[in-house]
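Using the sequences and the hints given, assemble the complete structure.
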Amino acid sequence: MSQEFNEMEHLERQIIKRYNELLKTLLEEGDMDTLERVITDDAYREELMSMHTGKLIKEHEL
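All letters in the sequence shown, in the order written, are residues 1213 to 1274 by our numbering.
If you are wondering where the hints come from, they were derived from the structure by calculation, not from laboratory data.
Cβ-Cβ distance ranges computed for the label pairs, FRET-style:
no.	residue 1	residue 2	range
1	1244	1221	26 to 36 Å
2	1256	1222	19 to 29 Å
3	1215	1248	34 to 44 Å
4	1222	1255	24 to 34 Å
C-beta: ideal position from N, C-alpha, C; glycine also.
Below is the structure:
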């Protein structure tokens, strides 16, 4: 059970880290409209996080 908890905790941390990276990217790009939408629109946030995570994975593989 402890291992399951650790895996869930790790997964939660990764999700939070990716979300923060997405917000940071939008802020650095000055895209306030998209930033506001990510914060307020759950479906849009999920879509953008998925795209952003894919981009990070591709960059890491290169």
